[in-house]
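Chains as they are written, first to last, in our numbering: chain A, 3 to 323; chain B, 46 to 370.
Warning: the hint list may mix true and false statements.
Distance windows between CB atoms, simulated [what the hints assert, rightly or not]:
{"no.": "1", "chain 1": "B", "residue 1": "Ser266", "chain 2": "A", "residue 2": "Leu131", "range": "38 to 44 Å"}
{"no.": "2", "chain 1": "A", "residue 1": "Leu72", "chain 2": "B", "residue 2": "Thr210", "range": "39 to 45 Å"}
{"no.": "3", "chain 1": "B", "residue 1": "Ala80", "chain 2": "A", "residue 2": "Leu187", "range": "23 to 29 Å"}
{"no.": "4", "chain 1": "B", "residue 1": "Tyr96", "chain 2": "A", "residue 2": "Ile154", "range": "44 to 50 Å"}
{"no.": "5", "chain 1": "B", "residue 1": "Tyr96", "chain 2": "A", "residue 2": "Phe183", "range": "35 to 41 Å"}
{"no.": "6", "chain 1": "B", "residue 1": "Ala80", "chain 2": "A", "residue 2": "Leu178", "range": "18 to 24 Å"}
{"no.": "7", "chain 1": "A", "residue 1": "Leu135", "chain 2": "B", "residue 2": "Asp103", "range": "39 to 45 Å"}
Stretches of chain B that chain A covers, calculated by requiring three or more beta carbons in the stretch to come under 8 Å of a beta carbon on chain A [what the hints assert, rightly or not]:
{"no.": "8", "stretch": "195-201"}
{"no.": "9", "stretch": "326-339"}
FYI, nobody ran anything at the bench for these hints, they're computed from the structure. Every residue gets a Cβ at the ideal spot worked out from N, C-alpha and C, and that includes glycine.
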Amino acid sequence: MPDRRNDPLENRILLPAEISDTAGVPPEGYLEAEGLSAEVLTNRQLAWRRFRRHKAAMASLVIFGIIVILTLLAPVVAPFGFEEQFITRALEPPSRDFWFGTDRLGRDVLTRVLYGGRVSILVGIGVALASALIGTVIGAIAGFFGGRIDTILMRFTDAMLALPALVFLIVVGRILGSSVFIIVLVLTLVFWMPLARIVRGQFLSLKEKEFVEAARALGAKSGRIIFRHILPNTVGPITVTVTLLVAGAILSEATLSFLGFGIQLPTPSWGNMIADSRGQLTTSPWMLWFPGLALIITVICVNFLGDGLRDALDPTQRKSS
Amino acid sequence: MVRYTVRRIFITIPILLVMSVLTFMGARAVASPEAALRFNPRVRPEDIARYREQLGLDDSEFVQYTRWLGKFITGDLGNSLVARRPVGEMLAEALRNTMVLAIVALTVSLLIGVLIGIIAAVRQNSWFDYTTTGLSLLGIATPVFLVGLMLQLVLGVYLQRWLNTSEPIFYTAGMTSPGTQGFDLMDRLRHIALPATALAVQLIAVYSRYMRASLLEVLNSDYIRTARSKGISERRVLTKHGVRTALIPLTTQAAIDIGLLVGGLIITEVIFAWPGMGTLFLQALFDGDYVVILPWLMITAAAVFIANLIADLLYAVLDPRIRYA
Numbered sequence: 003m004p005d006r007r008n009d010p011l012e013n014r015i016l017l018p019a020e021i022s023d024t025a026g027v028p029p030e031g032y033l034e035a036e037g038l039s040a041e042v043l044t045n046r047q048l049a050w051r052r053f054r055r056h057k058a059a060m061a062s063l064v065i066f067g068i069i070v071i072l073t074l075l076a077p078v079v080a081p082f083g084f085e086e087q088f089i090t091r092a093l094e095p096p097s098r099d100f101w102f103g104t105d106r107l108g109r110d111v112l113t114r115v116l117y118g119g120r121v122s123i124l125v126g127i128g129v130a131l132a133s134a135l136i137g138t139v140i141g142a143i144a145g146f147f148g149g150r151i152d153t154i155l156m157r158f159t160d161a162m163l164a165l166p167a168l169v170f171l172i173v174v175g176r177i178l179g180s181s182v183f184i185i186v187l188v189l190t191l192v193f194w195m196p197l198a199r200i201v202r203g204q205f206l207s208l209k210e211k212e213f214v215e216a217a218r219a220l221g222a223k224s225g226r227i228i229f230r231h232i233l234p235n236t237v238g239p240i241t242v243t244v245t246l247l248v249a250g251a252i253l254s255e256a257t258l259s260f261l262g263f264g265i266q267l268p269t270p271s272w273g274n275m276i277a278d279s280r281g282q283l284t285t286s287p288w289m290l291w292f293p294g295l296a297l298i299i300t301v302i303c304v305n306f307l308g309d310g311l312r313d314a315l316d317p318t319q320r321k322s323s
Numbered sequence: 046m047v048r049y050t051v052r053r054i055f056i057t058i059p060i061l062l063v064m065s066v067l068t069f070m071g072a073r074a075v076a077s078p079e080a081a082l083r084f085n086p087r088v089r090p091e092d093i094a095r096y097r098e099q100l101g102l103d104d105s106e107f108v109q110y111t112r113w114l115g116k117f118i119t120g121d122l123g124n125s126l127v128a129r130r131p132v133g134e135m136l137a138e139a140l141r142n143t144m145v146l147a148i149v150a151l152t153v154s155l156l157i158g159v160l161i162g163i164i165a166a167v168r169q170n171s172w173f174d175y176t177t178t179g180l181s182l183l184g185i186a187t188p189v190f191l192v193g194l195m196l197q198l199v200l201g202v203y204l205q206r207w208l209n210t211s212e213p214i215f216y217t218a219g220m221t222s223p224g225t226q227g228f229d230l231m232d233r234l235r236h237i238a239l240p241a242t243a244l245a246v247q248l249i250a251v252y253s254r255y256m257r258a259s260l261l262e263v264l265n266s267d268y269i270r271t272a273r274s275k276g277i278s279e280r281r282v283l284t285k286h287g288v289r290t291a292l293i294p295l296t297t298q299a300a301i302d303i304g305l306l307v308g309g310l311i312i313t314e315v316i317f318a319w320p321g322m323g324t325l326f327l328q329a330l331f332d333g334d335y336v337v338i339l340p341w342l343m344i345t346a347a348a349v350f351i352a353n354l355i356a357d358l359l360y361a362v363l364d365p366r367i368r369y370a
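Next up, chain A with everything else stripped away, as it sits in the complex (with noise of 0.2 Å):
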């Protein structure tokens, strides 16, 4: 170790073991032994202190753990199997034996907003990882070789983006089919642009700054750097993003199921729940309200989820809210 007395605190020379991901905080004890007094914090502490100040996005993650826990669990909390029927019971407002009523097959309509959730979660984060692969390969590649191969790229995601999804959503659909893994595939064809743009964006300035020059300079080829040394600083956006895409993903899911060219029954999910609910609406609105609420509550949350981490991970993209 150097010579403590003559060295600054903000100069000292850090030994090649010390730096790390934690480079920069002093090691335990250090600043006690100057007589000082600070809480030594890592980067991502201080990402999860910001992040449980945001009360809504605090809120959000419980309620949203509590929605994935119990559809996760739905064959062992859910009172019925989910094509259980009670033919005699048919289209009963909520009761004791049927907390949310019974649809007009007479099966309980709680047992399938359960198994329905465990669809469109599965489908929301199904989308939003694979757009998240898709957009970031897209993205980093634009941005970090620019010239003729981001301008071929970036027309590309422009003119999908200018695609009205749903038309693309519903033909594709209907050509491949409908199993959870086509609507997954189907979905991220169409989510993984405003992902590209924004990794573009964040090559494009990334690649110009010193650290990125120094990797060169020490001969790091291409894909070290962009593996090594850029990637791991859009992880921020790249999350809040690909969070955002959940509650996205959810939604055009429902949309389609309800229209009918998403997962097919009897396998529920929310959307088709509550497509089934238009023949006997006026009579039997439960079969509306509560699969709506499901949903509603599970978009809401992500958006909370996202906005926070937005506040933990990406100060400097906050919202003017």
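Could you slot chain B onto chain A? The hints should help.
Chain B alone, transformed into the frame defined by chain A:
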């Protein structure tokens, strides 16, 4: 600007062609236009065969598509395979009905959205700001089809029940009452109220958020401080300097959202049985009526393309800082 426009047209044409092939496949893959005839016991198999031959449905899909494309380029839209009416006439009628719905919904949501946004920005952190922010978050999280169904249930059915009237205040289906002669404004309004509201809810939510953010940014800028320090009244600062500048990004956003509006229109029209482009699209898709659906796609894509182009150009015109190479 001209070069920019031309370049955009060139990138759009191949995408539109791919999209039209996909749409053709989507229409023809599952359904066939003579499907309805098959269930009619009075139609003999020979008749169906003759029908298919007449319409060229026995040719390969490639031949059918290229034949359609050749006619389309020369401006010959032909007749619908199912309804047997001229496609141009069907599309014109549907487009007119959709435009009425879209323009009413868009105008209402722009007016209300901008107004809410302005008040929320001027009275930042007031109860009005918090309430409208909360409501708009709710509006953004509620898909159009859910809004539509809830409106039908509450304002269509329940309202009639509560008021105990013999007929509903707001109709939940169609564009006019059956048997209405000529143009009856009240009747039209009672039909359009719910679908237009269903479309507007999400738009108002988005526009008000957008306007609020945009106006706040403007109000915090240097030139507004200059205007204020020169002693211009707060009202004049807002109307002459603030709102005008804040409207620029909103204008372009509204134009970009036309693509989204197409989706919203399809859903709204299905729910409220509005005889417009959305209804026509789904009907033609289920019928396998590619002669209707392909020009439909071209019109829709053109509308979205033009709206996007206007958005870009408008942005450059309104905001002198932007230039397109």
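Checked hints:
1. B:Ser266 to A:Leu131: 38 to 44 Å: About 39 Å separates the Cβ atoms of serine 266 (chain B) and leucine 131 (chain A), which means 38 to 44 Å holds.
2. A:Leu72 to B:Thr210: 39 to 45 Å: Roughly 42 Å apart at Cβ, these two residues keep to the hinted range, so it holds.
3. B:Ala80 to A:Leu187: 23 to 29 Å: With Cβ atoms ~28 Å apart, the hint holds.
4. B:Tyr96 to A:Ile154: 44 to 50 Å: At 46 Å between Cβs, range holds.
5. B:Tyr96 to A:Phe183: 35 to 41 Å: Holds: the Cβ-Cβ distance is about 38 Å, inside 35 to 41 Å.
6. B:Ala80 to A:Leu178: 18 to 24 Å: holds, 21 Å
7. A:Leu135 to B:Asp103: 39 to 45 Å: At 44 Å between Cβs, range holds.
8. 195-201: holds (count 3)
9. 326-339: Per the Cβ count (3), the hint holds.
When each numbered hint is compared with the structure, no violation occurs for any of them.
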